[in-house]
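Q: Listed below, chain by chain, are the residues.
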Amino acid sequence: MSSRYDRAITVFSPDGHLFQVEYAMEAVRKGTTAVGVRGQNVLILGAEKKGTAKLQQPNTMRKICNLDSHICLAFAGLTADARVLIDRARTECQSYRLTLEDPVSVEYITRHIAGIQQRYTQSGGVRPFGISTIVVGFDADNKPALYQTEPSGTFSAWKAAAIGRSSKSVREFLEKEYNDEAVETEEGAIKLAVRSLLEVVESGSKNLEIAVMRSGEGVSYLTEDELAAVVAKVEEDKGAAAAAPAVTAQAVSS
Amino acid sequence: MDHLLGIVGDGFVMLAADEKVAHSVVTMKDNQDKITVLDETKILAGGGQFGDVCMFTELVQRNLQLYNLRNGYPMGVKAAAGYTRTEIAKLLRKNPHMVNMLLGGVDKHGPALFWIDYLGNMQKLDFGAHGYGGYFALSCMDRYYRPGMNIDDAKSLMKRCIEGINQRFLIGGASFKVKVVDAQGIREVDLSDVQVAPEAAGNAMEQ
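As given, the protein sequences belong to chains A and B, one line each in that order.
Mapping to the numbering used here: the first sequence position 133 is 133, numbers consecutive.
Mapping to the numbering used here: the second sequence position 46 is 46, numbers consecutive.
Keep in mind the hints are simulated off the structure, nothing from the lab.
Idealized CB from N, CA, C, for every residue including glycine.
Hints may contain errors.
Sample of chain B residues lacking proximity to chain A, with all beta carbon distances greater than 12 Å (derived) [what the hints assert, rightly or not]:
| no. | residue |
| --- | --- |
| 1 | Gly-72 |
| 2 | Ala-79 |
| 3 | His-97 |
Pair by pair, the computed Cβ-Cβ distance ranges are [stated by the list, open to error]:
| no. | chain 1 | residue 1 | chain 2 | residue 2 | range |
| --- | --- | --- | --- | --- | --- |
| 4 | A | Ala-140 | B | Lys-94 | 44 to 50 Å |
| 5 | B | Asn-150 | A | Gly-216 | 33 to 39 Å |
| 6 | B | Val-26 | A | Glu-226 | 57 to 63 Å |
| 7 | B | Ala-79 | A | Ala-80 | 23 to 29 Å |
| 8 | B | Asn-71 | A | Gln-122 | 29 to 35 Å |
| 9 | A | Ala-80 | B | Asn-150 | 33 to 39 Å |
| 10 | A | Glu-226 | B | Asn-71 | 21 to 27 Å |
| 11 | B | Lys-78 | A | Ser-123 | 38 to 44 Å |
| 12 | B | Glu-19 | A | Asp-87 | 48 to 54 Å |
| 13 | A | Ala-80 | B | Asp-30 | 30 to 36 Å |
| 14 | A | Arg-29 | B | Leu-119 | 53 to 59 Å |
| 15 | B | Asp-33 | A | Lys-233 | 44 to 50 Å |
| 16 | A | Gly-115 | B | Asn-95 | 28 to 34 Å |
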């Protein structure tokens, strides 16, 4: 039944599905995980680094990109589609600045990206973009903002979001662990992002990429050493948490 | 009209621009900053039709920022100047912009100053000027400029030029905004404390 309605993007199925859009979301689920955490005055973007071929230079494949000096984006899904969408967003950021002499707000640029994604679900002869994005940045009132877009063109604000491979488990982890105290400090927010990624990424700082955005400072990536230190701390905490119940079990039995 | 001056020194470029914005016979503003910061390594002094100047310099600035974001590094100075003059030339027979510019910057090839006028002419120069101020400043620079000047000598030369303009140009009393770009970045410079050495004795030609 679905095969008759999934060829063309502009055709609804009888039960109201746009199959091409849903298949695009499947493509997103094949991509490597990306996670975003909104702290009290900091924004963290984390991405799983796909294993690179031996001859490939890893630093040329970036999942976290700047859209403007105060806005950053992480994506999951088809990298080539992301490149096109990011370029359009960058152009829009500068065009907005030229016309209005003001930097874009995070909501504006997210709405613009989502608008482009939606347009490609309603045109003939084109296919949807196979990516979801997490857009982060500080608005004029210095409040951090985090938004997520999807191939369907929907977008909404989140306190913490996950996209890509195993995003469901990462999101469940974040729902359990996210609270205002945990992300009050920058260190706490980074730890939460790393912990959530380590749920699904093979252990090791080599497979992670973490970017920190501070108000008025733009984005900075954690160096390998800094990342290794955070991962070590996270492992340590995990070990301590695992050891604690064992102690009480011994006390009960003896 | 606007006075724009530029000097290339040892590892830096100094640009000076007057601060007056006039409309017919009225001074609308006397503290306008006519030197736009294009990005971390380049500055652009623009003069002429004020509306055109604002629109055009902002267009160049935004496109250079876009280049930076797309590629991860700022455009070279020569490339930026080439881009600027091409935009002027493209608009010339459609929607001419009355904008004269001095673009100064530092990149891996060192400091460079580019003189661009409203017709799309472009030249790389050691020192240059636009506007009526140029009539007085250029001969001053011809006499006193030395390649590879240090920052103090450049300040002194710039001050000498500015004093010359204010002495002889019909509309006197112009205040100037001076900016310097070097490998460390862009900063404003104050010339009020700079001492200008008295005229060298004799004729430069005789030396």
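Q: Find the hints from earlier in the document that the structure breaks and name them by number, from lowest to highest.
A: 1, 4, 9, 12, 13
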